[in-house]
Amino acid sequence: MNIKKLTTLALIAASMGVASEASAHRAWMLPSATVLSGDTAWVTMDGAISNSLFYFEHHPLGLEHLEILDPQGEPLEAQNKASGKYRSVFDAQLTRDGTYTFEIRTNGLFGAYKHKGKNVRWRGGVDEMGEIPAEAEDLRLFEIDRLMQVFVTKGAPTTRTFEAKGVGLEMVPVTHPNDLFVGETSEFQFLVDGDPAANLNVVVIRGGIRYRDQVDEIQLQTDAQGRIFVEWEEPGMYWLEAELEQSGKLLDNAKRRMSYNATLEVLPL
Amino acid sequence: MNLSRSFSSLLLVLGSACVGAEDLVLDVEIPALNVAEYHKPYVAIWIENSKGQHQRNLALWYDHDMRDDEGSKWLKDLRLWWRRSGRQLSMPVDGLSGATRLAGTYELTFSNKSQAIHGLPAGEYQLVVEAAREVGGRELLKLPFQWPAESSIETSQQGSNELGRVKLTVQP
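If you read the sequences in order, they're chains D and U. Take 0 as the starting number for the first sequence in numbering that gives the first Met the number 0 and just add one per residue. Take 0 as the starting number for the second sequence in numbering that gives the first Met the number 0 and just add one per residue.
Everything labelled a hint here was simulated from the structure, so no lab data went into it. C-beta atoms are modelled at their ideal positions from N, C-alpha and C, and glycine is treated no differently. Be aware that one or more of the hints could be misleading.
Computed footprint of chain D on chain U, listed as stretches where at least three residues anywhere in the stretch have a Cβ under 8 Å from a Cβ of chain D [as the list claims (entries may be wrong)]: (1) 66 to 74; (2) 83 to 89.
Which chain U residues stay away from chain D? Per the calculated CB distances, all over 12 Å, these [to be verified]: (3) Glu21; (4) Gly51; (5) Leu79; (6) Glu106; (7) Ser110; (8) Ile116; (9) Glu123; (10) Ile152; (11) Gln156; (12) Gln157.
With beta-carbon atoms standing in for the labels, derived distance ranges [to be verified]: (13) D/Leu268 - U/Glu149: 24 to 34 Å; (14) U/Ala121 - D/Gln78: 20 to 30 Å; (15) D/Glu76 - U/Glu36: 31 to 41 Å; (16) D/Leu268 - U/Met65: 26 to 36 Å; (17) D/Thr158 - U/Gly51: 52 to 62 Å; (18) D/Ala223 - U/Ile152: 49 to 59 Å.
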């Protein structure tokens, strides 16, 4: 139990860059393919938290909150889930035609404090805050709303699973995320709690960082409608991320940290 | 009844006035390749308009007769065709799907009465041939043409890897 909890905490801390644990760690899922054909198809997914993209070199991604939505919006069970030293992995069998959304949503509170001379990390909901001892010192609380997505399409693309939930930072594809091609411009809209997220900084990084000297990140900012336009110059797997910090929504003395990331595949024409 | 009959004959007259017996004749060469592991390529042949919009499928050569249609797993490797048309279709498609071909030159003829090009409006088009080979590469050739042609017009392109010579003859 403790180990599992610690793993989750480490994951949250690493991926949210909480307080002094701030780092360049990136959390991601990497699909074996995003465009598939055939009657039935399998996709296998890696998940990791790492510095460099897309390499397994730090920590496996927790899959406790993994959800897969099939093209009809119905849940699909992940198969062969496993977690290794540096990465997690699972498979999904795609029988229906259309677009599947793989996502991990993390919503809750993260706390860090000192208790009896020790640094303690805590995670829970507002109604579980009683678990934090009254004599805790240096208590820092964060509201966490985090979303990680990957889109995979068998057959013709569909959009049924793109509906925003109106919680935290979300991305609504305008260009279908499994229809990204070199030389074309794609449009995505970002929402914060369901409203357009204007002036949001979005970073897009192509994988394969190990084989070049610079990260070459594409830095974008959303317009008043929360939209970004990305022109793809090279094919590959891309990691897209946006982060936003606000004052607490649930708690006066907390900061709210929201993040969104997706792995997108860009194909050559 | 009389009315409908005269309407049909009117259509026939109009039809023959606009279009004669135009044919598209296509020679597609699948090159012999000296590679350690050779698989016959998947090939898609289609017509797009001058804006690149898909118009008509002419041929699709793939492993169409495998158990459980397993060969359709690799159709997405015909990247452009898959995006423009394939992903919308349910395989196999009658009159379109056929087996992969050995190295050689294949002649395909499409008369304006054939399902593939019947009723294609007059205009500028491109014939597109895309080939993708298992454990090999992919190649795409585009041959622009005018439809219908006033005189017999021949164009050709030479592929460099997965395709050999592709020749298109548009006959009036």
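Checklist entry - Since glutamine 157 of chain U was said not to touch the interface, does its Cβ keep a gap of more than 12 Å from each Cβ of chain D? => result 21 Å, holds
Item to check | Given as non-interface: glutamate 21 of chain U, partner chain D, CB spacing beyond 12 Å | outcome: 30 Å, holds
Next on the checklist: A range of 24 to 34 Å was offered for this pair. Does it hold for the Cβ distance of leucine 268 of chain D and glutamate 149 of chain U?
Outcome noted: 33 Å, holds
Next on the checklist: Looking only at beta-carbon atoms, does the pair alanine 223 of chain D, isoleucine 152 of chain U fall within the given range of 49 to 59 Å?
Outcome noted: Holds, since alanine 223 of chain D and isoleucine 152 of chain U (Cβ atoms, about 52 Å apart) stay within the stated range.
Checklist entry - Against chain D, does the region 66 to 74 of chain U show at least 3 residues with beta-carbon separation below 8 Å? => result holds (count 7)
Next on the checklist: Is the claim that leucine 79 of chain U lies outside the interface with chain D correct, judged by CB distances over 12 Å?
Outcome noted: 6 Å, violated
Checklist entry - For isoleucine 152 of chain U, which was marked as not at the interface, is the minimum beta-carbon distance to chain D over 12 Å? => result The assertion about isoleucine 152 of chain U holds, with a minimum of 27 Å to chain D.
Item to check | Status of the stated non-contact between serine 110 of chain U and chain D (beta carbon gap over 12 Å) | outcome: 31 Å, holds
Checklist entry - Was glycine 51 of chain U rightly flagged as not at the interface, with every chain D Cβ beyond 12 Å? => result Violated, since 9 Å does not exceed 12 Å.
Next on the checklist: Please check whether the beta-carbon of isoleucine 116 of chain U is more than 12 Å away from every beta-carbon in chain D.
Outcome noted: Check passes; 24 Å lies beyond 12 Å.
Next on the checklist: Just to make sure I understand the rule, a stretch counts as covered if three or more of its residues have a C-beta closer than 8 Å to a C-beta of the chain. Does the region 83 to 89 of chain U meet that for chain D?
Outcome noted: holds (count 3)
Item to check | CB-CB spacing for glutamate 36 of chain U and glutamate 76 of chain D relative to the 31 to 41 Å hint | outcome: 36 Å, holds
Checked against the numbered hints listed earlier, the structure breaks hints 4, 5, 14 and 17; every other hint is satisfied.
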